[in-house]
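K.L.:
With chain F's structure known, arrange chain X on it following the hints.
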Amino acid sequence: MPTSCVETASSIDLGNIITWVVVVGGWVFTNKANHYFETRKEINQTISTINKELLEICKKGKKFHLMKSHNSELLDEIITSIDREDVKIKLLKRSLVLDTHVVDIRIYEFRRSISLNNADKSSFKKLTPGDEILKDIDSAHNKLSEYLQECYYKKFF
Amino acid sequence: MTEKTIINIAKDFSRHPAGRDKDDGPFPGEKFREKHLVPILQEGKTALIEFDGIRGAGSSFLEEAFGGLIRKGYTQQQVLSAFTFHSPRESYIIELKEYINDAAKAAEKVTAS
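Chains as they are written, first to last, in our numbering: chain F, 1063 to 1219; chain X, 810 to 922.
No lab work stands behind these hints: they were computed from the structure.
Zero decoy hints are in this set.
Only pairs whose alpha carbons sit at most 25 Å apart, straight line, appear in this in silico DSS-like list of lysine-lysine:
{"no.": "1", "chain 1": "F", "residue 1": "Lys1114", "chain 2": "F", "residue 2": "Lys1103"}
{"no.": "2", "chain 1": "X", "residue 1": "Lys844", "chain 2": "X", "residue 2": "Lys854"}
{"no.": "3", "chain 1": "F", "residue 1": "Lys1187", "chain 2": "X", "residue 2": "Lys831"}
{"no.": "4", "chain 1": "X", "residue 1": "Lys906", "chain 2": "F", "residue 2": "Lys1152"}
{"no.": "5", "chain 1": "F", "residue 1": "Lys1187", "chain 2": "F", "residue 2": "Lys1121"}
{"no.": "6", "chain 1": "F", "residue 1": "Lys1155", "chain 2": "F", "residue 2": "Lys1094"}
{"no.": "7", "chain 1": "F", "residue 1": "Lys1150", "chain 2": "X", "residue 2": "Lys906"}
{"no.": "8", "chain 1": "F", "residue 1": "Lys1155", "chain 2": "F", "residue 2": "Lys1103"}
{"no.": "9", "chain 1": "X", "residue 1": "Lys831", "chain 2": "F", "residue 2": "Lys1130"}
{"no.": "10", "chain 1": "F", "residue 1": "Lys1205", "chain 2": "X", "residue 2": "Lys906"}
{"no.": "11", "chain 1": "F", "residue 1": "Lys1183", "chain 2": "X", "residue 2": "Lys831"}
Across the chosen pairs, the derived CB separations fall in these ranges:
{"no.": "12", "chain 1": "X", "residue 1": "Asn817", "chain 2": "F", "residue 2": "Leu1117", "range": "28 to 36 Å"}
{"no.": "13", "chain 1": "F", "residue 1": "Ala1095", "chain 2": "X", "residue 2": "Lys918", "range": "56 to 64 Å"}
{"no.": "14", "chain 1": "F", "residue 1": "Thr1190", "chain 2": "X", "residue 2": "Leu889", "range": "34 to 42 Å"}
{"no.": "15", "chain 1": "F", "residue 1": "Trp1082", "chain 2": "X", "residue 2": "His895", "range": "53 to 61 Å"}
{"no.": "16", "chain 1": "F", "residue 1": "Lys1150", "chain 2": "X", "residue 2": "Gly862", "range": "17 to 25 Å"}
{"no.": "17", "chain 1": "F", "residue 1": "Lys1150", "chain 2": "X", "residue 2": "Asn910", "range": "26 to 34 Å"}
{"no.": "18", "chain 1": "X", "residue 1": "Gly853", "chain 2": "F", "residue 2": "Ser1131", "range": "43 to 51 Å"}
{"no.": "19", "chain 1": "F", "residue 1": "Leu1128", "chain 2": "X", "residue 2": "Lys918", "range": "29 to 37 Å"}
Fair warning: this is a prediction, and the values are worked out from it, not measured in the lab.
Where a beta carbon is used, it is the ideal one built from N, C-alpha and C, also for glycine.
So that you can see chain F by itself, here it is in the shape it has in the complex:
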């Protein structure tokens, strides 16, 4: 009799331990999965916001070159906005594997596409749709946006 009592007690203990292990393990797994999905969602939202803002800058850049006369205020606003996006993108380094050198190159290509040629008062002329400068702005914008998207996919998929 005493032997079977011991056996029953130890099998209950083992059952309890297994239950606890399953419960704690399940909780850890669910918590980790939730954290992963929440982080993914947050970063996706941040990248979406940055991409929307970059698209706005791209539109303003093209608008600047399509205007009848030079608009210094708009150009200043565009350049300042690009600097602001630079900071926001670099902050993503905390959560993504982001090569800041690549970001710097993409940022300067974007700025250059808008503010190197036909950007000065003395030489400004209204461009026509389809002009190479406008295509360059689109291309530089796409390269920057695509790089962010690429970093996101590399991290989460």
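P.N.:
Frame of chain F, contents of chain X only:
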């Protein structure tokens, strides 16, 4: 050893540097080059160019200020050994070095032909 001069664009020139020459506004690249960069090269000094505090700089300003030094007759090596750069945004430094490089290549082509 000569002491390194510090040129802070925002404090010593303008927080809003823009354009190539005087027709483009009060603080163009040409003015910055002639007032701050050329004297350093002429006197054989070295300088640290700081971008801290500026409210952005357009590409044409950067190209005229730094690429313009090569067109004025200075070599890429002279320019890069005379100046070092500091900016909270590294993209400005990469960009201006690219303009120095492009201007040097253009100058080489002219010399070769």
